[in-house]
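Protein sequences appear in the order of chains Z and V.
Mapping to our numbering: the first sequence position 42 is 50, numbers consecutive.
Mapping to our numbering: the second sequence position 113 is 121, numbers consecutive.
Calculated from the structure, these hints are not laboratory results.
Built from N, CA and C at the ideal position, the CB exists for glycine as well.
Don't take each hint at face value.
Unchecked claim - Now the in silico label distances, taken between C-beta atoms and shown as ranges: (1) Z:Ile45 / V:Met9: 35 to 43 Å; (2) Z:His158 / V:Asp148: 20 to 28 Å; (3) Z:Ile133 / V:Ser141: 38 to 46 Å; (4) Z:Ser141 / V:Asn161: 43 to 51 Å; (5) Z:Asp132 / V:Arg122: 32 to 40 Å; (6) Z:Gly82 / V:Asn77: 34 to 42 Å.
Stated by the list, open to error - List of simulated lysine-lysine pairs, BS3-like, C-alpha gap at most 25 Å: (7) Z:Lys73 / V:Lys73; (8) V:Lys70 / V:Lys44; (9) Z:Lys24 / V:Lys44; (10) V:Lys12 / Z:Lys137; (11) V:Lys152 / Z:Lys24; (12) V:Lys12 / V:Lys23; (13) V:Lys105 / Z:Lys143; (14) V:Lys24 / Z:Lys160; (15) V:Lys137 / Z:Lys162; (16) Z:Lys137 / V:Lys105; (17) Z:Lys13 / Z:Lys44; (18) Z:Lys24 / Z:Lys73; (19) V:Lys152 / Z:Lys23; (20) Z:Lys73 / V:Lys105; (21) V:Lys12 / Z:Lys105; (22) V:Lys24 / Z:Lys23.
Protein chains: 2
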Amino acid sequence: MEIKKAMALAIEEAKKTMNDDIGGPFGAAILSPEGKIVAVASNAVLDSHDPTAHAEINVIRKATKLIQNHDLSGYTLITTAYPCPMCLGAIMWANIKEVYYGCNLEDAASIGFRDDLMYQIIHDIDQHKDILSLKSSERDTCIKLFEEYHEKNKTMY
Amino acid sequence: MEIKKAMALAIEEAKKTMNDDIGGPFGAAILSPEGKIVAVASNAVLDSHDPTAHAEINVIRKATKLIQNHDLSGYTLITTAYPCPMCLGAIMWANIKEVYYGCNLEDAASIGFRDDLMYQIIHDIDQHKDILSLKSSERDTCIKLFEEYHEKNKTMY
Numbered sequence: 009m010e011i012k013k014a015m016a017l018a019i020e021e022a023k024k025t026m027n028d029d030i031g032g033p034f035g036a037a038i039l040s041p042e043g044k045i046v047a048v049a050s051n052a053v054l055d056s057h058d059p060t061a062h063a064e065i066n067v068i069r070k071a072t073k074l075i076q077n078h079d080l081s082g083y084t085l086i087t088t089a090y091p092c093p094m095c096l097g098a099i100m101w102a103n104i105k106e107v108y109y110g111c112n113l114e115d116a117a118s119i120g121f122r123d124d125l126m127y128q129i130i131h132d133i134d135q136h137k138d139i140l141s142l143k144s145s146e147r148d149t150c151i152k153l154f155e156e157y158h159e160k161n162k163t164m165y
Numbered sequence: 009m010e011i012k013k014a015m016a017l018a019i020e021e022a023k024k025t026m027n028d029d030i031g032g033p034f035g036a037a038i039l040s041p042e043g044k045i046v047a048v049a050s051n052a053v054l055d056s057h058d059p060t061a062h063a064e065i066n067v068i069r070k071a072t073k074l075i076q077n078h079d080l081s082g083y084t085l086i087t088t089a090y091p092c093p094m095c096l097g098a099i100m101w102a103n104i105k106e107v108y109y110g111c112n113l114e115d116a117a118s119i120g121f122r123d124d125l126m127y128q129i130i131h132d133i134d135q136h137k138d139i140l141s142l143k144s145s146e147r148d149t150c151i152k153l154f155e156e157y158h159e160k161n162k163t164m165y
C-alpha cells in the first residue's frame, strides 16, 4: 500500500517539475524501515544545469540530509523508471537493498532516453572508446595518496 | 602537461579534505576544451552525509554550475582513481568523452573500497538479489507520465 502511495507522490512531483521545464519525466520517493515516506524528489537537470540531478540522486540527497547519515540501510526506494547506471550506483552507495520501479528500460528508450545503451557501454567499456576513453595517468603519485589514507586509518583504529 | 597539473591539484584537494575527515582519499578536476582547469573537487561523503558526494560528481556539479550548462562535451575529467559505476554514469550524462585516472580498481580494493564488486553486481544484477532487489511496480500508472511527456514534447517541437 505504501509503495503505491509513494509512487503516486513521485509521479505527482515529476509531473509538476516536468511541466515547469525543471527536468525530465522522472520522480522518486524513499520509505523508512518503518514504511513512512521520508522524501520525494524529481529530475531537475534542466533547471539546475546539473547532469547528476536525477530523481533517485535527488531523493537520496534529500533523505540523507534529513537523517544526517549517508547510510540508508533498511530504507526502500521507489522510482517511476528503472534507474540508470549512475542512480543504481548511488542506490548501492546508500546501502539501499530494495527498489520498486515503474517504467522499464524499453519504456524509457521509447521516449528517447537511452539508459539501456549506457548499460551496454558500462558492460563492455573497452569496446566503446569512441564514446568514452579512460586512460591511466600519474598512478605512482596517486598511490601515495592511498598510502597516506591507509596510514591515517591505521592511526585512527 | 595540463593533465599532470590537474592531477596534482586534485591530489592536493583530496589530501586536505581527507585530513579534515570530510571524505575519502579521492580528488578530481575538469579541463575545458581549451585545456584550462575549470574546477577541482574532492570526496565529501562524510561531512555532507551525502553518499553521492564523490570527487567526480562534485567536480561535474561545480563545472556545470560555473558554465550554467549540463553539457560538458569537449571537456576532460581527471580523477585520482578509476571512477565507480555511479561516477562513470555521471561522466556519460555530462557528455565527457575523455577521462584520465590515477589509481586503478585493484589499488582501491587494496585500501578497502570495493568499486570492483559494484561493477560485478551491475554486470549481473539478477544474480545479486541478496544485495539489491529491483521489482516492477505500478508500470501502467508510470507509463501515463511518459505519454504526457511525449505529448508535451510533440507540442513543443
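Comparing the hints with the structure gives:
At about 52 Å, the beta-carbon gap between Ile45 (chain Z) and Met9 (chain V) misses the expected band of 35 to 43 Å. For His158 (chain Z) and Asp148 (chain V), the hinted distance range of 20 to 28 Å is not satisfied, since their beta carbons lie about 51 Å from each other. A hinted range of 38 to 46 Å for the beta carbons of Ile133 (chain Z) and Ser141 (chain V) is inconsistent with their spacing of about 26 Å. Between Ser141 (chain Z) and Asn161 (chain V) the C-beta distance comes to about 32 Å, which lies outside the given range of 43 to 51 Å.
Here the CB-CB span from Asp132 (chain Z) to Arg122 (chain V) is close to 21 Å, at odds with the stated 32 to 40 Å. Between Gly82 (chain Z) and Asn77 (chain V) the CB atoms are about 38 Å apart, so this pair conforms to the stated range of 34 to 42 Å. For the hint pairing Lys73 (chain Z) with Lys73 (chain V), the CA-to-CA distance comes to about 21 Å; that is within 25 Å, so the pair holds. Of the pairs offered as hints, the one joining Lys70 (chain V) and Lys44 (chain V) holds, with about 15 Å between alpha carbons and a cut-off of 25 Å not exceeded.
Proximity of Lys24 (chain Z) to Lys44 (chain V) is assessed by CA-CA distance (about 38 Å); at most 25 Å being required, the pair is judged violated. With a C-alpha separation of about 22 Å, the suggested pairing of Lys12 (chain V) with Lys137 (chain Z) holds against the 25 Å cut-off. For the suggested pair Lys152 (chain V) and Lys24 (chain Z), the alpha carbons sit about 14 Å apart, so the restraint of at most 25 Å is met. At most 25 Å may separate the alpha-carbon atoms for a hinted pair to count; Lys12 (chain V) and Lys23 (chain V) meet this at roughly 16 Å.
The suggested pairing of Lys105 (chain V) with Lys143 (chain Z) holds, with an alpha-carbon distance near 11 Å, which does not exceed 25 Å. For the given pair, Lys24 (chain V) sits about 13 Å from Lys160 (chain Z) by alpha-carbon distance, which is consistent with the 25 Å threshold. At most 25 Å may separate the alpha-carbon atoms for a hinted pair to count; Lys137 (chain V) and Lys162 (chain Z) exceed this at roughly 34 Å. Annotation: proposed proximity of Lys137 (chain Z) to Lys105 (chain V) holds, straight-line Cα distance about 8 Å (limit 25 Å).
A C-alpha spacing of about 10 Å is found between Lys13 (chain Z) and Lys44 (chain Z), which places the hinted pair at or below 25 Å, so the restraint holds. The straight-line distance between the Cα atoms of Lys24 (chain Z) and Lys73 (chain Z) is roughly 23 Å, inside the 25 Å bound, and the hint therefore holds. Under the criterion of a C-alpha separation no larger than 25 Å, the hint pairing Lys152 (chain V) with Lys23 (chain Z) is consistent with the structure, at around 10 Å. Restraint check for Lys73 (chain Z) and Lys105 (chain V): not satisfied, since their Cα atoms lie roughly 32 Å apart, outside the 25 Å limit.
With a CA separation close to 39 Å, the supplied pair Lys12 (chain V) and Lys105 (chain Z) exceeds the 25 Å bound. In summary, the hint linking Lys24 (chain V) to Lys23 (chain Z) is not supported, as the alpha carbons are separated by about 42 Å, beyond the 25 Å threshold.
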